[in-house]
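Student: We have chain R already, so just place chains S and L on it with the hints.
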Amino acid sequence: MSEDKSITVDVLVIGGGTAGPMAAIKAKQANPQLRVLLLEKAHVKRSGAISMGMDGLNNAVVPGHATPEQYVREITVANDGIVNQHTLMAYARNSYPMIEELDRWGVKFEKDETGDYAVKKVHHVGTYVLPMPEGHDIKKVLYRQLRKHGVEISNRLVATRLFKDKDGRIAGAAAIDSRTAEFHVVRAKSVILCTGAAGRLGLPASGYLFGTYENPTNAGDGYSMAYHAGAELSGIECFQINPLIKDYNGPSCAYVTGPFGGYTANALGQRFIECDYWSGQMMLEFYNELAGGKGPVFLKLDHLADETLTKIEDILHANERPSRGRFHAGRGTDYRAQAVEMHISEIGLCSGHSASGVWVDEHARTTVPGLYAAGDLACVPHNYMLGAFVYGKLAGEDAARYCAEQQPGEIATADIVAERERVLAPLSRTEGLSPNQVEYKLRRMVNDYLQPPKVTKKMELGLARFAEIAADLQRIVARNPHELMRANEVSFILDCAEMAARASLYRTESRWGLYHYRLDHPERNDTDWFVHVQLHKGEDGAMRCFKRAVEPYIIEVGEHERDAYSRLRIHQHEVAA
Amino acid sequence: MSTAWVSGSLPVSVDADKCIADKGCTICVDVCPLDVLEIDATSGKAVMRYDECWYCLPCEQDCPTGAIHVDIPYLLR
Amino acid sequence: MSIFLICCADMSTSDPVLARILARLHDPDDTVRSLAVAALADIATDDEVPLFVTALQDESAAVRARAAQVLADYLNASSIVALHRALSDPIAAVRFAAAQSLSELKDPIFATQLLDYLGSASGFAKAGLLRALRELRAEAAAHPATLALQENDADVRREAIGVLGYLKFATALPALSALAISDPDRVVRKAAVGSLVMGRESVAIPALIQALTDEDWEVREEAAIVLGKLRAIQSVPALLQVLEDAYWQVRVKAVRSLGLIGASDAVAALLVVARAPLSNLRKEAATALGLIGDLAALQVLQHLLDDEDADVRKSARTALEQIKHRCP
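Protein chains in written order, with our numbering: chain R, 173 to 749; chain S, 10 to 86; chain L, 481 to 808.
Since the hints were made in silico from the structure, they are not lab data.
A virtual CB, placed ideally from N, CA and C, is assigned to each residue, including glycine.
The reader is advised that the hints may include incorrect statements.
Computed cross-link-like contacts, DSS-like style, restricted to lysine-lysine with a CA-CA straight-line distance of at most 30 Å [claimed, not checked]:
| no. | chain 1 | residue 1 | chain 2 | residue 2 |
| --- | --- | --- | --- | --- |
| 1 | R | 483 | L | 586 |
| 2 | R | 283 | R | 320 |
| 3 | R | 283 | L | 709 |
| 4 | L | 648 | R | 283 |
Beta-carbon label-pair distances, calculated as ranges [as the list claims (entries may be wrong)]:
| no. | chain 1 | residue 1 | chain 2 | residue 2 | range |
| --- | --- | --- | --- | --- | --- |
| 5 | L | 711 | R | 628 | 55 to 65 Å |
| 6 | L | 801 | R | 474 | 51 to 61 Å |
| 7 | L | 568 | R | 321 | 27 to 37 Å |
| 8 | L | 540 | R | 321 | 42 to 52 Å |
| 9 | R | 579 | L | 494 | 49 to 59 Å |
| 10 | R | 321 | L | 603 | 35 to 45 Å |
| 11 | L | 667 | S | 86 | 35 to 45 Å |
| 12 | R | 694 | L | 717 | 39 to 49 Å |
| 13 | R | 639 | L | 783 | 28 to 38 Å |
| 14 | S | 25 | L | 565 | 36 to 46 Å |
| 15 | R | 579 | S | 86 | 29 to 39 Å |
| 16 | S | 26 | R | 633 | 46 to 56 Å |
Here chain R stands alone, though its shape is the one from the complex (with noise of 0.2 Å):
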């Protein structure tokens, strides 16, 4: 066996997409004495969510468009009122100010010929959207900045595992190098994790391992490393379904085409779609189109004009997902012509989308002492791109207050051995399971036991299937790094996939749409269920879920308000009828 490679540094961010470039950088600007690390598996060039930029910020509160007290109010609302508002309203305060910020740093928000930002108003409720349509340079952007602040960064290593020290606070992770499989130990007084949604968990109806809505590098690394560590999750059952393009797999991007009047129609060209927020209740009234006579369900834009077209096209194609053209034009496809049909995509989970993650406070803080996580991976319901860049920031600049008070934890020299031992082991065996063969059949079980509407004896199956292959875990071979790579992601995806089932069977009611659908619960239940489902590894190393009370408002949800919504959404049991 090779000498480990060992580094010890204050600051370790993994994953360099967008919440941890940000981290990172604002680690490094609140003591540049620090010594900060950003650890990416792929490269931090093009990395993540946002590796091919963004078209547009969907919650953006800009002063004279929308307040943090108003964001608030209606994300608790559009979340079923199972939020922390203190994290909610830590994000809208910091909206606004890291707008400028990445303006400043050269990040290209719509600005109307004042200079003003060309805030669009797309749904009833709230005025949020704000345009990128030259949003495809933000990783250059980050990674100027990165360079400028002398952020270390290390490309292709995976992070596996987290230690910690004797007392419980985090010490360091393991990582392997994707391309020589050379096992790495990384000491640090704190670990921010930034590595995205779980993103490989459901198999998308192509049948595509790779064909996943999130970036399927996101293979749910980050949820693996805190529940090994010992971290609360939050709202795992609150899966991640999106509307999608069908088989693209790409999103329909309705609050790109929404500000220039393009809309989702069911097949006789009809707006359909009650709830105003990119939510469960949205998803619930698309799955039921879909399934009703009226389905399928489609992108009308075939009403605007060709310059306008042109104009969507060159957003669409040069930004986010710039292969959709391509994708049209092999189908024949035409905006100006054809309506495009649409799809709910595989689940996976995402706190930027719906709301599960690891649990952390309004300083990024998770319940492990010196441990943060921001971005899609934290639990901040619907934060999206700005809240991973605001969650970012607020972990960085904790941390960097956390290390200053801090001595560098011991990590056991047992911790590391047997980790060396668990993540190269696929590389010892010359016989057994390929990695992907094993991916394809857990996640074609995910689908199959776990895809919303929720079935109790299913999702009991699904448990007994998943520990099936826990014991196949150990039979997978890896002839090279790479292979590596992905068998140390199977392992990710199956605790995701556990962690949906049990946390979905804890809760015994409904909520969130189509997110949290069962149909052995259908109603949902506020008496018993007003909480935080959350979900940790207990002391005998098995998982438990356990509720968490909402803690107390901080804005008042008015019994009018919450009325003025809710006449704009339409009831679960009025639809599934």
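Tutor: This is chains S and L only, laid out in the frame that chain R set:
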């Protein structure tokens, strides 16, 4: 199943005449989030090694000579 | 390696990665030099800017374009000198890259330098400099930008509008109003109309009203939007005319603006729009009727509660709430 040589229709194709990997370019290999490309030791040109493409296109867009073309994977077309 | 040592005696380095890149900057093959420029940009500090400036004078356009592009990350007084020179490069790709990099400037201290160049610049270079000045919002740019509104080059006029708009330079409103209604270029007219949103006083309103009948529908659309943002009540009769526009996109914006203005004179016309075949128009009409808050709209809005389009139903529900709230 995941290794490229089994499949007959790979999403990423490289025009060897345009590829300048033999002059020290590794841009496409660097920017791929799934790490599916590599420089072939014999030819000195970029090749698709793993059939795990997300069709996200940095390889094609960042290539300084326009040597790369990405097709939508057959299963999705 | 010996060439590198001679050429870059002041750039001596112990970093082997940097040393290798520096050597490649002098490779006889321009592809290698271009790659070296890109690689250097990943790891350079401001100390290496002279190397990029040198590369910007390379005999190969590919190398020059790459250098112009990466200088966006290394903007300082000396790189701006070089990028300004590159705005007049014989090769378009180099010129465009230089203009793009200059437009990344954010620090107002560079405005003086750009303004120095502006006096003698023309055509592409002048448009590029104005584009770079826009974000810097330097008061001193207002005068040259106002003069540039009269230039023959449409791109120059367009960028000059941007400079004045970002400064919210109200003194230029008469000149901008004139462009809004009479510039031969549609892009310039549209930008000028958009810039008139800064006119809190009513000086720009007549031009905006006239722009509602522009031959280009996107100019008309922009004028309708701006009049709503300005809450220009005197434009209501003209906006009512726009409800007959050939483009529904323009009609939608007029309806929205009538609502924002709270034009009670528009209720009868909006009740007609509320029965339009296109659902986007019905939706916008319902919203506008809610904002105006006239009881005369109740019956039509009640009817829209059963519209086939969910967004129309939602707008009607919201509008009815607003009217009931205002007229209990």
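Student: A separate judgement is required for each hint: does it hold in the structure or not?
Tutor: We went through each hint and held it up to the structure:
1. For a cut-off of 30 Å, the pair hint linking residue 483 of chain R to residue 586 of chain L stands: about 27 Å separates their Cα positions.
2. For the proposed pair residue 283 of chain R and residue 320 of chain R, the alpha carbon gap of about 27 Å is at most 30 Å, so the pair holds.
3. Proposed proximity of residue 283 of chain R and residue 709 of chain L is supported: the alpha carbons are some 15 Å apart, at most 30 Å.
4. Distance restraint check for residue 648 of chain L and residue 283 of chain R: the Cα-Cα separation of roughly 13 Å lies within the 30 Å cut-off, and the hinted pair is therefore satisfied.
5. The given range of 55 to 65 Å is respected by residue 711 of chain L and residue 628 of chain R, whose C-beta atoms sit roughly 57 Å from each other.
6. Our hint of 51 to 61 Å for residue 801 of chain L and residue 474 of chain R is violated, since their Cβ atoms are close to 33 Å apart.
7. For the pair residue 568 of chain L and residue 321 of chain R, the supplied restraint of 27 to 37 Å holds, since their beta-carbon distance comes to about 35 Å.
8. At about 33 Å, the beta-carbon gap between residue 540 of chain L and residue 321 of chain R misses the expected band of 42 to 52 Å.
9. For residue 579 of chain R and residue 494 of chain L, the Cβ-Cβ distance of about 33 Å falls outside the hinted range of 49 to 59 Å, so the restraint is violated.
10. Evaluation of the 35 to 45 Å hint for residue 321 of chain R and residue 603 of chain L yields a pass: the beta carbon distance comes to about 39 Å.
11. At about 38 Å, the CB distance of residue 667 of chain L to residue 86 of chain S agrees with the hint of 35 to 45 Å.
12. One distance hint, 39 to 49 Å for the beta-carbon pair residue 694 of chain R and residue 717 of chain L, is violated here, with the actual separation near 55 Å.
13. A beta carbon spacing of about 58 Å between residue 639 of chain R and residue 783 of chain L contradicts the range 28 to 38 Å that was offered as a hint.
14. The given range of 36 to 46 Å is respected by residue 25 of chain S and residue 565 of chain L, whose C-beta atoms sit roughly 37 Å from each other.
15. In this structure the hint that residue 579 of chain R and residue 86 of chain S lie 29 to 39 Å apart at CB is violated, the actual value being about 57 Å.
16. Between residue 26 of chain S and residue 633 of chain R the beta carbons are some 55 Å apart, a value that agrees with the proposed interval 46 to 56 Å.
Hint compliance for this structure: hints 6, 8, 9, 12, 13 and 15 are not met, and every other hint is.
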